[in-house]
Amino acid sequence: MVKRFRRWSLPIAAAAVLLASPALAEKPPIVIGVAGSHSGDLAPYGLPTKEAVEMLAADLNARGGLLGRPVKLLILDDQCKPEIAANVATAAVSQGAQAIIGHVCSGATKAALGIYKEARIIAISPSATNPALTMGGDYPNFFRTIAPDDKQGQLAAAIVATRLGARKLAVIHDKGDYGKGFADAAKAVLEKDGKATVVLYDGITPGAMDYSAVIQKIRHAEADAVIYGGYHPEASKLVAQMKKKRVDIPFIGPDGLMGSGLLTIAGANAEGVYATGPMDVARYPLNQQTRAVYQKKYGREPGMFFDQGAAAWQALVAAIQKAGGTDYAALEKALKTNPVETSVGKIKFNAKGDAEGVGFAVYQVRGGKFVEVK
Amino acid sequence: MVYGIIQLINFAHGEIYMLGAFIALIVAGALTIYGFSGWAILLLAGLVAAVYAAAYGYTLEKIAYRPLRTAPRLSPLISAIGKSLFLQNYVMLAQTPDFLPFPTLIPEFAFMEPVAHIIGSAEVVILLTSAVLMTGLTVLIKYTRIGKAMRATQQDMAMARLVGIDVDRVISFTFVVGSVLAAVGGVLVGSYLGQINFAIGFMAGIKAFTAAVLGGIGSIPGAVLGGLVLGLTEALAAGYVSSAYEDVFAFGVLVLILILRPSGLLGRAIREKV
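Residue numbers (numbering that gives the first Met the number 0), protein chains in the order written: chain W, 0 to 373; chain E, 0 to 273.
These are calculated hints, taken from the structure and not from any lab test. Mixed in with the good hints there might be a few duds.
Unchecked claim - Chain E regions said to be covered by chain W (calculated; three or more residues, Cβ under 8 Å):
id : segment
1  : 184 to 195
2  : 198 to 205
3  : 240 to 252
Unchecked claim - SDA-like cross-link-like pairs, simulated, lysine to any residue; straight-line CA separation at most 20 Å:
id : chain 1 : residue 1 : chain 2 : residue 2
4  : W       : 167       : W       : 220
5  : W       : 186       : E       : 243
6  : E       : 206       : W       : 207
7  : W       : 321       : W       : 332
8  : W       : 242       : E       : 114
9  : W       : 80        : E       : 91
10 : W       : 186       : W       : 163
11 : W       : 242       : E       : 118
12 : W       : 242       : E       : 117
13 : E       : 206       : E       : 129
14 : W       : 174       : E       : 244
15 : W       : 244       : E       : 114
16 : W       : 242       : E       : 188
17 : W       : 244       : E       : 125
18 : W       : 80        : E       : 202
19 : W       : 244       : E       : 235
20 : W       : 174       : E       : 248
21 : E       : 206       : E       : 76
22 : W       : 194       : W       : 164
23 : W       : 174       : E       : 239
These numbers were taken from a predicted model, which means no experiment stands behind them. Beta carbons: idealized from backbone N, C-alpha and C, even for Gly.
Working from the sequences, and respecting the hints, build out all of it.
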């Protein structure tokens with residue numbers, strides 16, 4: 000072993016010097032990780048952010064980089080799975096990431112944040128909406144450009160109780176950080192103001208084949224609306240099987256239902272489904288500009304969380320400029336004190352890390368599209 | 000069934016089921032363009048899927064299991080898991096990692112409407128098809144020459160070979176039959192649930208194996224009974240306790256049966272061959 004090591008050590012050292020020398024000629028790059036689901040069934044939530052950041056970073060580099068240094072992206076695919084997220088987070092730290100855009104799903108984000116916290120790296124998520132991530136106070140290094148789930152849950156509860164006039168509610172969730180967070184927030188509001196009663200509260204197994212048992216329970220509880228916390232694959236199955244079992248009541252979920260997934264998989268069964276999602280932000284000039292560049296490059300409309308992903312990048316870049324580097328304390332201060340124009344409007348982060356100035360609206364599937372319900 | 004004959008858990012069985020669903024989806028898509036009606040599509044798509052799956056099952060056995068026939072029991076098991084992973088990832092790369100909408104090939108019957116909230120047309124079709132196939136399988140195993148050969152191979156492979164049974168052919172045939180059934184299952188369940196992706200085979204395979212163990216390996220009525228017990232346990236647990244725990248109950252029942260009646264509900268006690 001020793002002998003072999005010696006034999007190879009010289010060429011390796013020589014190669015390392017050769018590889019390193021061009022980098023030394025320029026200034027060292029600022030390394031930023033882009034983490035989220037880029038493959039797997041939740042990829043539609045992660046890819047738009049990746050594309051947004053790649054597009055904006057290329058543009059930034061073309062204009063001379065950040066603080067005169069080039070920006071290098073680390074693409075980290077976590078498939079929205081906590082165990083993979085922890086792995087890619089460790090990889091990002093060891094490859095010298097100085098800040099992270101991501102992760103995309105709440106469970107994966109939570110798994111990765113502790114690793115970033117130890118390495119003193121700031122992470123800005125476009126879409127991890129679990130309330131505890133900021134409110135819990137465990138992760139001072141965490142920021143997000145989307146409003147937390149309790150806001151979504153509260154909105155969903157308000158809609159079913161007032162607009163839909165439902166009095167008996169079934170609250171179903173997928174047992175994940177994100178889905179349960181949303182469901183619990185909605186349930187808490189409903190129980191507090193007493194406008195409606197929760198007649199059924201149950202978790203389902205994501206990826207299971209058949210949800211007819213829980214649908215029969217919804218029927219027997221005589222619920223007149225379903226609040227579901229989770230993502231679109233299970234929601235598609237639930238709405239399709241509800242239709243099959245002739246349980247014809249309104250179905251409302253969080254922004255995990257929005258995007259093209261539910262519409263293509265559930266097809267006609269998705270008609271009438273409600274979902275809360277980020278407010279329409281198309282009126283902001285930076286938003287229109289960023290979207291126009293995207294359309295020119297990819298020839299299609301950007302997907303879910305594109306605006307939030309772009310906003311996370313814009314906020315991070317502005318903060319690095321303001322702080323003059325990626326020093327943890329300076330960056331944190333810049334994010335919390337310096338309001339920035341972004342794709343989701345002018346935002347600044349509060350003491351907990353939530354963006355001030357972003358919120359949710361309610362959408363409904365009508366004619367195969369999500370339309371905002373005013 | 001395969002386990003009964005060669006004492007090998009065919010982990011790739013669920014993947015054949017998934018492949019069947021995918022093939023049917025592709026064929027159904029093509030036939031819809033040509034304007035075939037619902038039943039014709041279901042039958043043709045099911046047929047093509049079954050033929051395709053049979054070819055897969057045959058090849059699978061030839062590549063992954065036959066060379067390991069005399070190897071220690073662990074080797075084909077690992078080969079089976081490898082094959083399962085390979086097929087999953089192959090479909091993921093060749094098709095898509097996303098869920099795909101599966102057309103509802105089984106039409107809704109008008110006369111079923113009054114009871115549609117309890118049991119749908121698709122469920123009835125699935126029940127009837129499985130009953131027919133199970134009867135057919137029982138007849139095949141009990142009353143045909145090849146069935147007799149299969150039972151002989153199960154009892155003692157070396158002895159079967161001595162009396163002139165082409166054991167390799169029998170095992171290939173077993174795989175083909177198993178794969179056809181898996182593909183039909185894939186088509187029916189895909190049509191019932193309305194969505195498929197590359198990973199549906201894994202859980203289905205595990206559940207099918209659980210049902211087979213519950214009922215008694217190698218016994219067809221046992222497998223049906225095991226499936227019923229498993230399904231009812233899940234549904235009742237989901238209905239009366241919480242659907243969060245349905246898998247806990249299902250596999251809990253499996254553990255109990257394995258402790259109290261290791262040969263399964265309807266299985267004969269098999270003595271370890273020496």
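The hints, checked one at a time:
no. : hint               : verdict
1   : 184 to 195         : holds (count 4)
2   : 198 to 205         : holds (count 4)
3   : 240 to 252         : holds (count 5)
4   : 167(W) with 220(W) : holds, 8 Å
5   : 186(W) with 243(E) : holds, 18 Å
6   : 206(E) with 207(W) : holds, 11 Å
7   : 321(W) with 332(W) : holds, 9 Å
8   : 242(W) with 114(E) : holds, 13 Å
9   : 80(W) with 91(E)   : holds, 17 Å
10  : 186(W) with 163(W) : holds, 16 Å
11  : 242(W) with 118(E) : holds, 12 Å
12  : 242(W) with 117(E) : holds, 12 Å
13  : 206(E) with 129(E) : holds, 16 Å
14  : 174(W) with 244(E) : holds, 11 Å
15  : 244(W) with 114(E) : holds, 9 Å
16  : 242(W) with 188(E) : holds, 17 Å
17  : 244(W) with 125(E) : holds, 16 Å
18  : 80(W) with 202(E)  : holds, 18 Å
19  : 244(W) with 235(E) : holds, 17 Å
20  : 174(W) with 248(E) : holds, 17 Å
21  : 206(E) with 76(E)  : holds, 17 Å
22  : 194(W) with 164(W) : holds, 9 Å
23  : 174(W) with 239(E) : holds, 18 Å
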